[in-house]
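Visitor: Given the structure of chain A, go ahead and fit chain B onto it with the hints provided.
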Amino acid sequence: MGYIAARGGTTAIINAEQLVEYLRLQGGSTPLELIQIRDQLRHAVGRAMNEGALYAPMLAALAVKQAEGDSIEASFLLRAYRSTLSRIMPTLPISGEAMRCMRRISASFKDIPGGQMLGPSQDYQIRLLNNLIASETAESVTAVLAAYEQLVDAGMSADGAIGHFPKVADYMRQQQMIAPLPAEPDTSEPYDITRTAISFPCPRSARLQSLSQGDTGCLLTYAYSSVRGYGDAHPTLAELRFGYLPIQVAHPLTGEAITIGEISATECEIVSKAHSVAAKQSTPRFNLGYGFTFGHGEVKAISMAILDSVLTQAKAKGLSGESGPAANEEFVLLHSDGIEASGFTAHYKLPHYVTFEADLKVLDRAREHTTTQSQSRLQEIATRTQEASA
Amino acid sequence: MYTISHILSHSPVTTVTALAEQVLQHYPADAVTIISGPRVAMVQLRMQESVANSVFNAGEILVTETRLELNGTFGFGMIIGNDPTFATALAVIDAALRLPGAPHADLHTTINDLGDQLRTNQQRQFAAANSTKVEFDVF
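Line by line, the protein sequences are chains A and B.
First residue of the first sequence: 1, per the numbering used here; consecutive thereafter.
First residue of the second sequence: 1, per the numbering used here; consecutive thereafter.
So here's chain A without its partners, still in its complex pose:
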C-alpha cells in the first residue's frame, strides 16, 4: 500500500452535504420553525449563545437547527457568524442588580432580603419522562396558558414590584462575611480576548470573559473535580438569579444612556470556606466567586463561579491541601473553549496523509534499527558459541 499526498474530493463533499440534508428530512416530518426552537428549546438556544458569545436568539435557533441539535456545532456556527459583524460600541456597564428576576435562590440563608423565588425551574420535579408532552394538543396548550393567569393572580403584589432584588453578596458584605469591595472601582479598560490572545498571568477581566464563553461541560468537569477532591473548593451558593437585564449604550450625540432592549441572563455568586483568605493577617472572611451566562444556564454559571473562586484563591496562594488541575488558571482557561477544543479534536478527521507517511518512515527506521540490533545480538551469541566449542 502506498501513502501519497492527494487533493480532490469536491464532488464527494458536495454529496455529503446533500446527504446531511436528506437525513434531516427523510422522515417526512414538518421542518422545524425557528420560532419553535427559540421558544421550546430555550436551553439549547441559550447554550449556543453563551458558548458562541453572541446574544442573538433567532440566529441561535437557526444554528441549533442547522447543527441538528449539536450544541458545540451550533455555538461554532454563531461564533463564525460573529466574526462577520462589526462591533459598534461597548454597552454601558451593567450589574446583575439591575436584573428583572424571574428566579432567585440562595443556599446560604433561608431568609434572604426579598425572599427565595423558585421561578421557572425543573429542579424540584421527579425526573420521570412526561408522556403528556409527547401528545400535546391545542387544548392542552390553551390549558397551560390559562393556568399562567392563575399564577399571575396568585403572585400579584400590591407594591407593583417587577422583580428587582438586592444582592445577597451585598448583605454578606454588610455583615463582614466577605471582603469589602475596593474603595475605588477598577475603571481600567477590560481585557478583550477577541482582540488580544490571552497570556498568563492574566487580568481578572480576561478570566471572566474566557469562562463566560467556555464550554458548559468543560467548566462543569473542572469545577466538579475541584469540589470532589482534586482541589480545595468547598462552595456554598450565595445567590443564583435568572431574569432579564436591560441593556444600555451611550447616545452618540448626547452621551446619555439609551436602553436598547433586554437580554435573558443567569448570574451566580459562590462563597467558599473561611480560611481561604488572601491576606492571612486580615480578619478571616469567605471567598467569593462570580458566574454569568447569556440565557438560562445555571450549571454553567455555578461552575464558572466555583472556578473563579478557586482561581482567585490559587493566585493568592490561599488554597490548602490538594490544589488540583482546576486551580491552574492557564490549564483551565486554555482548555475550556469548546469551539477551540472540538475544532482541534475534529481536525484529526481531516486527511493527514503526509504527516502519517512521515510517521511510517519513522516506524520503518525503528523496525530496521530493532532488526539490526537483534541480528547483531544473535551474531554475537553465535560467535561466542563457536569460540566456546573451539
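To be clear, the hints were calculated from the coordinates, so they are not data collected in a lab.
Don't take each hint at face value.
In silico SDA-like cross-links for lysine to any residue, where the CA-CA straight-line distance does not exceed 25 Å [to be verified]:
#, chain 1, residue 1, chain 2, residue 2
1, A, LYS110, A, GLN174
2, A, LYS110, B, ALA127
3, A, LYS315, A, MET177
4, A, LYS65, A, VAL141
5, A, LYS65, B, ALA127
6, A, LYS317, A, ALA183
7, B, LYS133, A, GLN122
8, A, LYS273, A, THR283
9, A, LYS110, B, LYS133
10, B, LYS133, A, ALA98
11, B, LYS133, A, PRO166
12, A, LYS315, B, GLN48
13, A, LYS317, B, ALA127
14, A, LYS273, A, VAL299
15, B, LYS133, A, PHE331
16, A, LYS315, A, THR370
17, B, LYS133, A, THR236
Quick look at which bits of chain A chain B covers, simulated, 3 or more residues with Cβ under 8 Å [what the hints assert, rightly or not]:
#, segment
18, 88-96
19, 252-261
If you want a taste of the chain A side facing chain B, the calculated C-beta under 7 Å gives, among others [to be verified]:
#, residue
20, MET117
21, LEU118
22, SER212
23, PHE292
24, VAL299
For each residue, glycine too, the CB sits at the ideal point set by N, CA and C.
Guide: Below, chain B without anything else, positioned relative to chain A:
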C-alpha cells in the same frame, strides 16, 4: 420611572413604527437623510461583577442601528436583534423629540401610555414568578 428609550425599546415594533409614521407625515420625504444604516452589528456587553466591582466583556449582542437626520436634527436608533424597521423608527422618534421648539411634544402622552402598559406587563410577568416564592416551615 422608565425612560423614553426604555419604554420604546420594550414596546411592540408595530406601535413604535406607527409613532414614527405619525411624525413623518409632517415632513416631506427629503426631510429625512440617512447617515448610516440600518445595519446589523454588535455591541459588546460590559458586565460589572460583584466580587471586585470590576468590569469584564461578557460577549456580544446582535443589534440593528440607524443614524439619520430629520430636518437637520440628528436621530439615533438601536435595538437588540435584527430589525431595521424598529431601529429606523427609533431614530426618527429620537430626532423628533430633540427638534427645536418641541413640535412633537404630543408623543410624550402616547409614550407615557406605553410605559403604563409596559409596567403592567412586567408586573404580571413578575407576579407569575412571585407565585413560586417559598414560605418556609420552621420546625
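Visitor: Are the hints correct? Go through all of them and say.
Guide: Here is how each hint holds up against the structure:
For the hint pairing LYS110/A with GLN174/A, the CA-to-CA distance comes to about 17 Å; that is within 25 Å, so the pair holds. Our distance criterion of 25 Å between C-alpha atoms is met by LYS110/A and ALA127/B, whose separation comes to about 21 Å. Between LYS315/A and MET177/A, the direct Cα distance comes to roughly 21 Å. Compliance with the 25 Å bound is thereby established for this hinted pair. Only pairs whose Cα atoms come within 25 Å are accepted, and LYS65/A paired with VAL141/A is accepted, the gap being roughly 23 Å.
Between LYS65/A and ALA127/B, the direct Cα distance comes to roughly 33 Å. Violation of the 25 Å bound is thereby established for this hinted pair. About 23 Å separates the Cα atoms of LYS317/A and ALA183/A, which keeps this hinted pair within 25 Å; it holds. The straight-line distance between the Cα atoms of LYS133/B and GLN122/A is roughly 15 Å, inside the 25 Å bound, and the hint therefore holds. For the hint pairing LYS273/A with THR283/A, the CA-to-CA distance comes to about 13 Å; that is within 25 Å, so the pair holds.
The straight-line distance between the Cα atoms of LYS110/A and LYS133/B is roughly 12 Å, inside the 25 Å bound, and the hint therefore holds. Restraint check for LYS133/B and ALA98/A: satisfied, since their Cα atoms lie roughly 20 Å apart, inside the 25 Å limit. Proximity of LYS133/B to PRO166/A is assessed by CA-CA distance (about 16 Å); at most 25 Å being required, the pair is judged to hold. Taking the CA atoms of LYS315/A and GLN48/B, the gap is about 21 Å. The hint holds against a cut of 25 Å.
A threshold of 25 Å between alpha carbons decides the hint, and for LYS317/A with ALA127/B the separation of about 46 Å lies outside it, so the pair is violated. At most 25 Å may separate the alpha-carbon atoms for a hinted pair to count; LYS273/A and VAL299/A meet this at roughly 20 Å. Our distance criterion of 25 Å between C-alpha atoms is broken by LYS133/B and PHE331/A, whose separation comes to about 41 Å. Distance check on the hinted pair: LYS315/A and THR370/A sit about 49 Å apart at the alpha-carbon level, beyond 25 Å; violated.
Between the alpha carbons of LYS133/B and THR236/A the distance comes to roughly 21 Å, so the proposed pair stays at or under 25 Å and holds. Only when three residues or more bring their CB closer than 8 Å to a CB of chain B does the claim for the segment 88-96 of chain A stand; here the count is 9, and the claim holds. For the segment 252-261 of chain A, the stated coverage by chain B holds: 7 residues have a C-beta nearer than 8 Å to a C-beta of that chain, and at least 3 were required. For MET117/A, the interface hint holds, since its Cβ comes within 7 Å of a Cβ in chain B; the closest pair sits about 5 Å apart.
Interface restraint check: LEU118/A against chain B, minimum CB-CB distance 4 Å, threshold 7 Å, status holds. Evaluation of the SER212/A hint against chain B yields a held restraint, the C-beta minimum of about 5 Å falling below 7 Å. For the restraint placing PHE292/A at the interface with chain B, the shortest Cβ-Cβ distance is roughly 6 Å, inside the 7 Å limit, so the hint holds. Residue-level restraint check for VAL299/A is violated (minimum Cβ-Cβ distance to chain B is 17 Å; threshold 7 Å).
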